Amino acid sequence: MAVAASSTALLLGPAEDYALIFPPPWTTLVAVVLLLASLLAARSAPGGRAEAVLGWAAAVFFLGGSGGVVLEAFRAFFWATGIPAGDFSRVDWPGAVARAMSLAAALVTVHHTWRRAGLRVRSTETSSRTRAVLAGAATVLVVPYPLLKLVWWAQALASPTPAEQGIFPAMELAAFGSALLLVLLMLSSRTPPVLGRALVIGGWGASMALLSMGFLMVFGMFAQLTGLAEGVVPFSSDPATLMVLCVYGTWLMLGVVVLVATLQLMDRRRRAV
Numbered sequence: 001m002a003v004a005a006s007s008t009a010l011l012l013g014p015a016e017d018y019a020l021i022f023p024p025p026w027t028t029l030v031a032v033v034l035l036l037a038s039l040l041a042a043r044s045a046p047g048g049r050a051e052a053v054l055g056w057a058a059a060v061f062f063l064g065g066s067g068g069v070v071l072e073a074f075r076a077f078f079w080a081t082g083i084p085a086g087d088f089s090r091v092d093w094p095g096a097v098a099r100a101m102s103l104a105a106a107l108v109t110v111h112h113t114w115r116r117a118g119l120r121v122r123s124t125e126t127s128s129r130t131r132a133v134l135a136g137a138a139t140v141l142v143v144p145y146p147l148l149k150l151v152w153w154a155q156a157l158a159s160p161t162p163a164e165q166g167i168f169p170a171m172e173l174a175a176f177g178s179a180l181l182l183v184l185l186m187l188s189s190r191t192p193p194v195l196g197r198a199l200v201i202g203g204w205g206a207s208m209a210l211l212s213m214g215f216l217m218v219f220g221m222f223a224q225l226t227g228l229a230e231g232v233v234p235f236s237s238d239p240a241t242l243m244v245l246c247v248y249g250t251w252l253m254l255g256v257v258v259l260v261a262t263l264q265l266m267d268r269r270r271r272a273v
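Heads up: the sequence shown begins at 1 in this note's numbering, then just goes up one per residue.
Treat the hints as calculated values from the structure; they're not laboratory data. Quick caveat, the model's predicted, so the values are computed rather than measured. Treat the hints with care, as some may be off.
Across the chosen pairs, the derived CB separations fall in these ranges [stated by the list, open to error]:
| # | residue 1 | residue 2 | range |
| --- | --- | --- | --- |
| 1 | 269 | 93 | 36 to 46 Å |
| 2 | 246 | 155 | 11 to 21 Å |
| 3 | 82 | 190 | 42 to 52 Å |
| 4 | 7 | 249 | 43 to 53 Å |
| 5 | 168 | 192 | 25 to 35 Å |
| 6 | 171 | 4 | 44 to 54 Å |
| 7 | 132 | 245 | 24 to 34 Å |
The beta carbon of each residue, even a glycine, is placed where N, CA and C say it ideally should be.
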């Protein structure tokens, strides 16, 4: 389905200008080739290094191909409900379907690769050390984006024009605070087992959303800078521009932390059975 959707989107091209900043559909097709190579490597050397490297590479390209799907989910919401949102209610449907299929393929590929040739933590000592590192990383990584939104809100608040004063970023604070709480609950040995399944589902959802948004920036910028795809993002050596790019890069790193915490929780649950 990912191949069919991406091929259709590639042939039709972007139906809306906003999709120009998204990674091109052929990113997903590259992921499919890498996944097939991983499966072939598994037949000759099950659980080997080649299978793992190709599997993780396929997952990265699937996530790259999914870049923008979270934003399109909001666009589709406004399109379906009819809530006035201007151009934000317009959807590049062929591209949206292709990116959704790529995200689903990314989830399956990550899960399969982790089960087959993942970097699992096996000793209690190493697991405890890793959990501490992940908790610290999550605590640091949830700060930059909400802080940036708070700075922008404070600057807008000083504007003499009421229409330009903006809205307090309560949603951003709640979302990233929830992400931190989710990671801490997944890493804690005191979390009630009954919450395990709900935490795993939440971890998969949060990690896929964060990684998709993070790879949107990485793959989109790479495609634009190399001329492989048309783009509309202005690049500048201005320190403020570089700071914003770095802040949005924390989405990608936080997504990795949430994903690893989710996979480790799944391993602990499996060993406890």
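ask   = Of the hints stated earlier, which fail here?
value = Numbers 4 and 6, in rising order.
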